[in-house]
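There are 8 protein chains.
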Amino acid sequence: MDSNYLRNLLGRLINGQMDIDTVLEKLKNLPFEDMGYAKLDHHRNLRNGFPEVVFCEGKTCSQVAEIVSRLAKCNTNVLATRAGIDVYDTVKQECPRAQYHQLARCITIENDTIHKYKSPILVISAGTADLPAAEEAAVTAEIMGGTVTRLYDVGVAGIHRLFSHHELIRKAAVIIVVAGMEGALASVVAGLVDVPVIAVPTSIGYGASFGGLAALLAMLNSCASGIAVVNIDNGFGAAAMAISIVRLAERN
Amino acid sequence: MDSNYLRNLLGRLINGQMDIDTVLEKLKNLPFEDMGYAKLDHHRNLRNGFPEVVFCEGKTCSQVAEIVSRLAKCNTNVLATRAGIDVYDTVKQECPRAQYHQLARCITIENDTIHKYKSPILVISAGTADLPAAEEAAVTAEIMGGTVTRLYDVGVAGIHRLFSHHELIRKAAVIIVVAGMEGALASVVAGLVDVPVIAVPTSIGYGASFGGLAALLAMLNSCASGIAVVNIDNGFGAAAMAISIVRLAERN
Amino acid sequence: MDSNYLRNLLGRLINGQMDIDTVLEKLKNLPFEDMGYAKLDHHRNLRNGFPEVVFCEGKTCSQVAEIVSRLAKCNTNVLATRAGIDVYDTVKQECPRAQYHQLARCITIENDTIHKYKSPILVISAGTADLPAAEEAAVTAEIMGGTVTRLYDVGVAGIHRLFSHHELIRKAAVIIVVAGMEGALASVVAGLVDVPVIAVPTSIGYGASFGGLAALLAMLNSCASGIAVVNIDNGFGAAAMAISIVRLAERN
Amino acid sequence: MDSNYLRNLLGRLINGQMDIDTVLEKLKNLPFEDMGYAKLDHHRNLRNGFPEVVFCEGKTCSQVAEIVSRLAKCNTNVLATRAGIDVYDTVKQECPRAQYHQLARCITIENDTIHKYKSPILVISAGTADLPAAEEAAVTAEIMGGTVTRLYDVGVAGIHRLFSHHELIRKAAVIIVVAGMEGALASVVAGLVDVPVIAVPTSIGYGASFGGLAALLAMLNSCASGIAVVNIDNGFGAAAMAISIVRLAERN
Amino acid sequence: MDSNYLRNLLGRLINGQMDIDTVLEKLKNLPFEDMGYAKLDHHRNLRNGFPEVVFCEGKTCSQVAEIVSRLAKCNTNVLATRAGIDVYDTVKQECPRAQYHQLARCITIENDTIHKYKSPILVISAGTADLPAAEEAAVTAEIMGGTVTRLYDVGVAGIHRLFSHHELIRKAAVIIVVAGMEGALASVVAGLVDVPVIAVPTSIGYGASFGGLAALLAMLNSCASGIAVVNIDNGFGAAAMAISIVRLAERN
Amino acid sequence: MDSNYLRNLLGRLINGQMDIDTVLEKLKNLPFEDMGYAKLDHHRNLRNGFPEVVFCEGKTCSQVAEIVSRLAKCNTNVLATRAGIDVYDTVKQECPRAQYHQLARCITIENDTIHKYKSPILVISAGTADLPAAEEAAVTAEIMGGTVTRLYDVGVAGIHRLFSHHELIRKAAVIIVVAGMEGALASVVAGLVDVPVIAVPTSIGYGASFGGLAALLAMLNSCASGIAVVNIDNGFGAAAMAISIVRLAERN
Amino acid sequence: MDSNYLRNLLGRLINGQMDIDTVLEKLKNLPFEDMGYAKLDHHRNLRNGFPEVVFCEGKTCSQVAEIVSRLAKCNTNVLATRAGIDVYDTVKQECPRAQYHQLARCITIENDTIHKYKSPILVISAGTADLPAAEEAAVTAEIMGGTVTRLYDVGVAGIHRLFSHHELIRKAAVIIVVAGMEGALASVVAGLVDVPVIAVPTSIGYGASFGGLAALLAMLNSCASGIAVVNIDNGFGAAAMAISIVRLAERN
Amino acid sequence: MDSNYLRNLLGRLINGQMDIDTVLEKLKNLPFEDMGYAKLDHHRNLRNGFPEVVFCEGKTCSQVAEIVSRLAKCNTNVLATRAGIDVYDTVKQECPRAQYHQLARCITIENDTIHKYKSPILVISAGTADLPAAEEAAVTAEIMGGTVTRLYDVGVAGIHRLFSHHELIRKAAVIIVVAGMEGALASVVAGLVDVPVIAVPTSIGYGASFGGLAALLAMLNSCASGIAVVNIDNGFGAAAMAISIVRLAERN
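Chains as they are written, first to last, in our numbering: chain A, 1 to 252; chain B, 1 to 252; chain C, 1 to 252; chain D, 1 to 252; chain E, 1 to 252; chain F, 1 to 252; chain G, 1 to 252; chain H, 1 to 252.
Possibly wrong hints are sitting among the right ones.
[To be verified] Capping the alpha-carbon separation at 20 angstroms, the derived lysine to aspartate or glutamate pairs in DMTMM-like fashion look like this:
id, chain 1, residue 1, chain 2, residue 2
1, F, K171, E, E250
2, A, K73, A, D89
3, E, K118, F, E250
4, D, K26, F, E167
5, E, K26, D, E250
6, C, K59, B, E66
7, B, K26, H, D21
8, F, K116, E, E250
9, G, K116, G, D21
10, F, K26, G, D21
11, F, K171, D, E110
12, E, K26, C, E167
13, B, K26, H, E167
14, D, K118, C, E167
15, D, K116, C, E66
16, H, K59, H, D21
[Stated by the list, open to error] Some chain B residues well away from chain G (every beta-carbon gap over 12 angstroms; in silico):
id, residue
17, R7
18, G16
19, A72
20, T76
21, Q99
22, T108
23, T149
24, D153
25, S164
26, H165
27, L168
28, L217
29, N231
30, D233
31, N234
Rather than coming from a laboratory, the hints here were simulated on the basis of the structure. Given the structure is predicted, the values throughout are model-derived calculations rather than measurements. Glycine included, every Cβ here is placed at the ideal spot set by N, Cα and C.
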C-alpha cells in the first residue's frame, strides 16, 4: 500500500479539502497494487540484486535485446533463459557486460550486488545430455545468489559413481536432480538424504520417453519422500524453488 | 557405520587375536549399511520422534494392524496413511493410543516426543472435495513436527476468499496448495509469495479432469516460480517435502 | 465495498476519534471483499432469485442435506447437481419443498421468485443415453430463469429427425447440443444456425470413446463456427454459459 | 426455399403446362438448398458486410491469393487467417486494399461497410507469447463488426496486474481469455464476472504443456461458471463465438 | 417422399381447393423425411425382416423390456445387444418368443422372415476371452440374414491352428477378425486373403492393453491391405458392415 | 503347391529312384510357399493387371526409382504412394510411361490392361485440405480397376452441400469418406445410406486435433452402422478395402 | 510331421494302392500341423513336465475347473494364473493334488516330473505391494523347472537394503525385477550386473502412476543395458522369458 | 575392494603408525568403488574386447570425434550409435580404422580381439523401413561378439515369406524381432519357437502408429510367451540383451 498517497488523502479529508464521498470514490478506484496486494513479499530487503528474468523462446533476437537492454539500464541484474547464441550476439551489442552461458543457453548481466546464500545447492545430473537443463538450473541459482556445486554424469546405470561423491551429497542443503530417460536418479538420491530434493525431468531420450513424459511420471511416482517435481527441462523453475528454500533457511 | 563393531574388530587386530587377512575378509563381507551408506543423514539428532510410515492401500486390515502394532511396540511414533475406518478399528484393538483422522484417512500413534518445527506451514485447499488430500498433508506434517495452519475452500472461482486471508499467507514459511479440477490456485498463490510452494493436484473433478491429470499438468506448467509439484492426491508427499524444508530452515 | 463501514471510519477520522495511522492500519487490514473486488457484478439487480449451487458428487447424503437446508433457510433458491435419489430422500426430510429431477439427477428448491429470461434456450441431445447431461442442462437453465425447449434423440445417424424440427432450431437464441460417441451433432447444428452453440460432450460410448474423450475432441475441432465446448457431461456448465448469454441479451 | 421457382412450377401445374407426375419428379430432384435447409439464418439482414473467411494453413501462397482475389471481386469483406507474410505479399499484388496484421497473422480486406456491434468485447491474454492467438481473436472480431478492447500480459503469476484493470473487465459484454501454460487466467476472470467468458488455450509452453493440452484441460475443468472453451490457439473460433453472442444481444 | 400426400396436395391445387401460397407454405413445412431425404435407401425391398436394434447398455431392465415389446408388437424382428440375463428375464415375460444368446449377451426376436444372404461370413476369434465380441458379431449377422461360420481360438501364438482351417478361410466372402491383446491375428488373416476383412479389437488384456487400445492401434496400423476396423468390442458394428457388403454382393 | 515338382518326386519314388525316407525328408524341407499356403487367393484370375504397390515414405528417390523400374520391367502395373515430385522426376527418367498425380502424391504406371469393376466407388471429402488423402484413395482405386466418382468439399458445417448431391450418393456401391478435424461427415453419410462406408480420418486440423486423433476417435465411435475405419491419412488402405468389396460384388 | 501317416501314404503309392494324383490331392489337404510347421521346437525332449497354462481372468470358476481337470487327467503339470481362492476351491474338488499359492494367485498341479534347470533365477521386488506379480513370476518359474531365489522389499528409496544382498545378485543367472511406482529398481539392478534382466512393471501406485504406465515407461527408457521389459503385472511372462533363457543356457 | 590399500592401512594400525580412530575415519571415507560395489561382474575375464559405447544423438560431430578418439587410444573397441555420415567423416580423420555402417548409422572401431559367442543370434525384420533398427541391432551384436544372421522383409502381410525360412528360425539361440506398424511379427515368431525372443518396436508407420506406440503396445501385449520388449527403435538395447543371454549360455 502506498502509505504516502493514502496519508495525503486522509490529510486532505481532515483539512476539509475533500469531503467523505470524494475520498470514498477515490478509495474505490485505487489501482489494485496500491492496496498492498501486489506482492505479499516476506523479505523484500533480502531481495536486493535479485534478477529480472526474460524467457526468450518464441521471441526474436531484437525483441529480446530490446527488453534486456531496457532492464539493464535500470541497474538491475538480468537473466535471460532459452537464449541462442544469436540472441546473445544481439544483446551483447547493447549490453557489453552481458555474459553467455553456452550449455545453459542463458545470458546474465550483473549490474547490482547479488545477495549470497551460503547453504550449498547441489545440482546432480544423470547424463551428459542432461547438461543443458542442469546448467540452466545452476546458472539461474547462481545469479539469484545461490552457492552451487555441480555433480554431473552420475546416472543409476553406474550407481557407484554417485556413491563415490557421498560427502558432497551429505553437505548439500538442497539438491536438484536432473535426469531424462527413466529418471531413476531422483528416487535414488532422495532415498539417501533428508534435505529437500527437487527433481527436473528432461526430454532426453527417444521412443517411449515421449519427450520426457517417462522421466516426469517416474519422478512424480517416486517411492522416496522429501521430493517434488518441476516441468520437463525446467532447470529455471528448479533453481527458483531451491532459492526460495535457502532464502527461507537463512532469513532468520 | 557400526563403530563399535569396527572398533572391536580393529582392537582384535592390534591384540593379535585376528590377522590382517581375516580382518580384510570380514570388512569385505560387512553388510552394506554397516559401511555407513545406509542413510546419509544430516541431522539424525533432529529426527527424534520422527514417525514410521505405513501406506495402507492394498493391505488388509489385519496386515496393517500387525505392522502398526509391531512398530508401536518400539515406542516410535507411527503414521498410517490411506487407512479406512475398518483398518483403524482393527489397529485400535492392538494399540489403544491410536488416533483416527477421518477426513485425512490417517491413523497416528504418539509414543515419543515430537520435535516441533516453529516455521508455519500453511495448507490451502481449493474446494471441500479436496479436503482428504489437504488433511492428509496437514496430519502428516503435524505428526512429523510441523506447525500447521489450514486455509480451506478458497478456490479461484471466488478469489476474494483467498485475498481476505492475506495475513495468513504472508506469515507462512512453506505453503502447500491442494487443488483439483483446473488446479489454478497453485499459480495464483505462488504469484503472491516468495516462500516455497508445494502443489498437490487432486483427483477431484470428472470428465476431462482424467483423474487429476488436468490439475497435475496445470501445476507443472505454472507460470509462477518457486513452485514444485507432487503426485496426484499425494498429501503425504507434500508434507514430507514441507518438513524437509522447515527442518533445513531451523537446523542452524 | 462496505460504504457504511468506510464512511464511519472516515467520519471518526474527521471527528478526531481516530488518527491517520489508525485509519491507515485499518484500511490495510480490511477484508478483500470489502474493497469491492469480491465480484465485479454487472447486473446484480437482475440476479434476484439466482440459485445457490451445490455439487453433490463426493459428498455424503447428510453433508448435502445439511448444506442444502442451511441455504434453504436463507430463502434463496437452491440447485443441487449430481444428486442420487438417496441424497434427495435425506434432503426432502429437511426441506419439504425440494423437488427431484430424476433423469437430471438434480434437486431444486424454489424459495424466491426466479427472474425469467424470454430468449429461448434449445437443448438438443443425440441419443437417449445422453439425457442425463441434457436434463442437467435443462433443469439448471430453468432454475436460473431460462426458457428451455427440449429436442431429444436427433442424432446424426438419422439426420432427417433433426431437420424435421428446423422451426424449433430457427427460433432458438442459444442452443446447447449434448452428444456422446462421435459428437458430430454439434457440428451439424452449428453449421445450420448463427446463434451461439454450446457443445456438451458426454461420456456415452464404450471402447475408443475413452469416457467421452472422442466426443470432446470432435467438438473442439468442429469445422463450424459459433461453437464453444464445456467439460464432458457438464450440463450444468453449459446451462450457466447459456444463461450468461441470454442475461446479456436481455439486460438492455 | 426459392419461392419464385416453386411458384412458377405450381403455376405451370395449374395452367396444365405440366402434369402432376412431372411436378412430383421435379420436387423430388430439387437441390437441397432450394428447399430452404441451406442455412437457417436468423438475421441475414444483420449480416451485411460479414466477411468470407479463408483458412490459409496447408495452402500455397498462390492458392490463397487466387481464392482471396476471387472473393474480393465480389465486393465482400475477406478475412484470411494463419497467413504468413509471404502469403500477404502475393495477395497484395492482386488486392491492393488488403491489410496485414502481423501478430495475428491475418489478412483483411474491407470492401463493404461492416455492421458494428457496440457491446464491448474484451480480449485478455496471459503472456506476450499468447499474443498471436489473442490478436487473431481481436482482428477476427473487428472485421466481423465487434468493438474490441485488448488487455494483454496480465497472467496470474502477477495477479495484481489483472485487478488494476477491473473497470475494463466490469464493462465488457463478452470476454475472450487467451492463455497458455497452465491456463489459470480463464478461471480467475470467470470468477470475477457474470458475462460469458470464452477461453482460448494456447500452445505456449514446453514439456508437460504437451502443445497446449495442459491449458485446454485446465480450462475445461474450470471451477468457475459461465465459461466455455474453443480449440487450442483458435482465436478465430473464440471471436466467431463472441460475435454470435453480441449479435444476439443487439438483435432486438 | 410420401408421394400420395404430395399428389393429393397438387391435386387440390389443380382443383382450386388450395391456392399457390397455401401449397407453398405447406411444402415449406413438410417434415424433412417426407421430402425423401430420410434415408437414401438403395434396396429397401431387400430389407424385409431386417431387425430393429436396441443398445441396452445404460438402460434399465424395464426400459429395455418396454422398448423391445413395443417393437415386437410391430411384427418386426428385434435385436437387443449388450443385454444381461436380467434384462432377458424381464423381456421374456413380455415377449415369449425372445431368445437369449448368453455369450453374445444378445436377445433376438424373430417375428418376420429374414432375407438370407448366401455369401459366407466367417467370424474368427483369437482367444476364448474374445468370444463375447465374436458372438455379438455372429448373432448380429445371423439376425440380419448373414450365413455365418465361426472359427474360434486360433490366435497367432499357435498359428498352425489358423492354417489348419485354410479351406474355411478360402471360402469366406467376408471375414470378421476378433482379437484382443496385440490384435495381430487381423494382419495375419488379411495377409492370406483378398476378400474384405473387418477387424474388431477387444478389450481383452491387462496392463498396457489399456482397455483394447493396443489391439485397436495394431489393427489400424496393419501392414496388410483390404482391412478396416471398428470400435473396441464392437461386434455389432462389424456384423453390420459385413451385412452391408454381402447385401451389395448379392443385390444384382 | 508346385505340382510338377511333387509329381516328379512321387514318380521317382514309384520308379525306385528314391526311397521313402528320402522323399519324406524332402517333403519336410519343402519351402512353405510350395505347399500352397503362400496366398489363399480366391480369384487370382480376376486379378490380372492388379498393380504392385510401393510405399515411398522413408525411401530415397533413387531407391524408389530402382524398385519401380524393376517392377515396370515385369510388364506389371505399378502404384507408388507418398511420392514427392522429386521422386517422380527420378522415376520418370527410368520409366517414361510413369504418370504423376500431384494432389494424391502418387505415381502410376500402366503396363497391363486393368480389370475394370463397374460398381461405382464414391470418394467424398470434407474440406479442400483433405484432398491429398481423398486423391490417394481415388487414384489407388482407379489403378486397381475401380470406377471412381469424386465429391469434394462437402463438410458438415454446410451440410446442404452434401444433400444437393443425393443422387450421386444414392448410386454409389461403396463410399469412402475422407475427413479431418471432427470427422463428423462419416457419420452423416453412413446415416444416409445402406452401402458399406469406409472412413478415412485425416491429420488436417491443429491443436486438439492431435494429428488426426480427434477424427479417428470420432469415426470409430460413429453412431451410424455399416461403417469401418482405416488409419489416419490412409487413402490407399480405404481404396484397397473398397476394391476388395467391389471385387466380391462382381465375382459371380 | 506325422511321419507314419506320410510313410503309409507313400507306401500305398509304391504298392499301387493309390495313384499319384490321389496322393497329391491328399498332400494338398493335409492339416497344417501335420506338415511340421506346428511348432518349430528346439528341444522338445527337454520339455518333459512343462506345464499347460490356464489364464483364469474372465473365466468362471466352473469353466476353469473343467479346463484344469481335463488337463490334469492327461498327467500333465498344470499352472493356472490369476486364480482367486474361489476358483481354487472349485478346482480342488476335482483335482485333490492342486496347490494354491495365495500371494501369486496361482494354482499348480504336479502330475509329472519337472525338468530342473540349475541356473539361479533371482526375483527381486521393490515393495510389499509388488509381491503378487513377483510371486506369480516365482511360482511360474518353479513349475516350469526354474531354481528361484526371492529378494523382496528392496526398493531404491532405501538402496542399502539392495546392496546388502550383493552376493545373491552376483550369483544369479537371470534376474527378474518387479517394481511399481517409478520402477527405478530395474535400472539400478541392471547397472550392477551383466546377466539378463527382465523388468516387470506393476500397477502399484496411484495418481500419475496411471495403472503402471509410469513404471512401464521408466523401464523401457532404462539407461542400463541388458534389460528387457514385459507387460504391466505380467509375472508369468517374465518367468517364461527367464525359463527360455536358462533352458538355452543348459541345453548343451 | 582395493586390498593393498586396506592391507597397508591395517598394517599401519598394527605398527602403531595410526590409531583406531584414524583408521575408522579413513574407512568411513573410502570411495564407494573401492569397496567392491562398483560392478558386480560375473565374468569379467570373458569381457575382453567388449566395446565402449557412445550414443551420438544430441552431440556435435566434434564432441563425438573427441570422445571416440580418446577411447580408441586406449586400444579398446568402440561402438558409436545414432551417428550420421558427417559424424563418421569427423571421426575418420582421427581414427582411420573407424568403419561406418550406413543403414545402422553406427561407427565401429576394432582395436582389440572380440570374444566370439557361437550361439546364433537371428535378427528378423518386418519391412525394409525397419532396417535401420534391425541393422543397429545386428552391428551392435557383432561388435559385442555375437554371431548374427539377418532375415529381413518377412512381415506378416505375406507370412509365407517367414515360413520359408523355418530352418533359420529353428537354429537360432536368440531371436531379435524388429517391426513397426502393428508389430505383429513378434507374436508370430514367438509362437513358433521356444528360445528367447526380444522384440524391438520401430517408429515406422504414420497416423495412429503414434511414433511406434502401436507396435510397442502390441508387443507388450503379445499372447505368445518367451518374449520381452525394448524401447522403440532400440536396436542397441535388444542386441545388448541378446549378448547377455548368449554370454550366459556359453559361460560354462
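Structure-based check of each hint:
1. For a cut-off of 20 angstroms, the pair hint linking K171/F to E250/E stands: about 16 angstroms separates their Cα positions.
2. About 18 angstroms separates the Cα atoms of K73/A and D89/A, which keeps this hinted pair within 20 angstroms; it holds.
3. For the suggested pair K118/E and E250/F, the alpha carbons sit about 15 angstroms apart, so the restraint of at most 20 angstroms is met.
4. As the CA atoms of K26/D and E167/F are separated by approximately 13 angstroms, the hinted pair is consistent with the 20 angstroms bound.
5. Note on K26/E and E250/D: the hinted pairing is violated, with a Cα-Cα distance of about 32 angstroms set against a maximum of 20 angstroms.
6. Of the pairs offered as hints, the one joining K59/C and E66/B is violated, with about 32 angstroms between alpha carbons and a cut-off of 20 angstroms exceeded.
7. Straight-line distance between C-alpha atoms of K26/B and D21/H comes to about 18 angstroms, which keeps the hinted pair within the 20 angstroms bound.
8. Of the pairs offered as hints, the one joining K116/F and E250/E holds, with about 19 angstroms between alpha carbons and a cut-off of 20 angstroms not exceeded.
9. Annotation: proposed proximity of K116/G to D21/G is violated, straight-line Cα distance about 49 angstroms (limit 20 angstroms).
10. As the CA atoms of K26/F and D21/G are separated by approximately 18 angstroms, the hinted pair is consistent with the 20 angstroms bound.
11. Of the supplied pair hints, the one linking K171/F and E110/D is violated, its CA atoms being roughly 44 angstroms apart against a limit of 20 angstroms.
12. This hinted pair checks out: K26/E and E167/C have alpha carbons roughly 13 angstroms apart, not beyond 20 angstroms.
13. The hinted pair formed by K26/B and E167/H fails the criterion: a straight-line CA distance of about 54 angstroms is larger than 20 angstroms.
14. As the CA atoms of K118/D and E167/C are separated by approximately 29 angstroms, the hinted pair breaks the 20 angstroms bound.
15. Note on K116/D and E66/C: the hinted pairing is violated, with a Cα-Cα distance of about 50 angstroms set against a maximum of 20 angstroms.
16. Distance restraint check for K59/H and D21/H: the Cα-Cα separation of roughly 48 angstroms exceeds the 20 angstroms cut-off, and the hinted pair is therefore not satisfied.
17. For R7/B, the shortest C-beta to C-beta distance to chain G comes to about 21 angstroms, beyond the 12 angstroms cut-off, and the non-interface label holds.
18. Residue placement check: G16/B keeps its beta carbon more than 12 angstroms from all beta carbons of chain G (closest about 29 angstroms).
19. Distance to chain G confirms A72/B as a non-interface residue, since its nearest Cβ pair spans about 19 angstroms, more than 12 angstroms.
20. For T76/B, the condition that its CB be more than 12 angstroms from all CB atoms of chain G holds, with the nearest at approximately 16 angstroms.
21. Even its closest Cβ contact with chain G, about 24 angstroms, leaves Q99/B beyond 12 angstroms, as expected for a residue assigned away from the interface.
22. Distance check on T108/B: its Cβ is at least 21 angstroms (rounded) from any Cβ of chain G, clearing the 12 angstroms threshold; non-interface status holds.
23. For T149/B, the non-interface assignment is confirmed: its Cβ lies about 25 angstroms from the closest Cβ of chain G, beyond the 12 angstroms cut-off.
24. The claim that D153/B is not at the interface with chain G holds, since no C-beta of that chain comes within 12 angstroms of its own (minimum 22 angstroms).
25. A cut-off of 12 angstroms between C-beta atoms confirms that S164/B is not in contact with chain G; the least separation is 31 angstroms.
26. No Cβ of chain G approaches the Cβ of H165/B within 12 angstroms, the least distance being about 28 angstroms, so the stated non-interface status holds.
27. Against the 12 angstroms criterion, L168/B stays outside the reach of chain G, whose nearest CB is about 28 angstroms from its own CB.
28. Against the 12 angstroms criterion, L217/B falls within the reach of chain G, whose nearest CB is about 10 angstroms from its own CB.
29. Its closest Cβ contact with chain G, about 4 angstroms, brings N231/B to no more than 12 angstroms, contrary to its assignment away from the interface.
30. Against the 12 angstroms criterion, D233/B falls within the reach of chain G, whose nearest CB is about 5 angstroms from its own CB.
31. Non-interface status of N234/B relative to chain G is broken: a Cβ of that chain comes within 12 angstroms, the nearest being about 6 angstroms off.
Consistency with the previously given hints fails for numbers 5, 6, 9, 11, 13, 14, 15, 16, 28, 29, 30, 31, ordered from lowest to highest.
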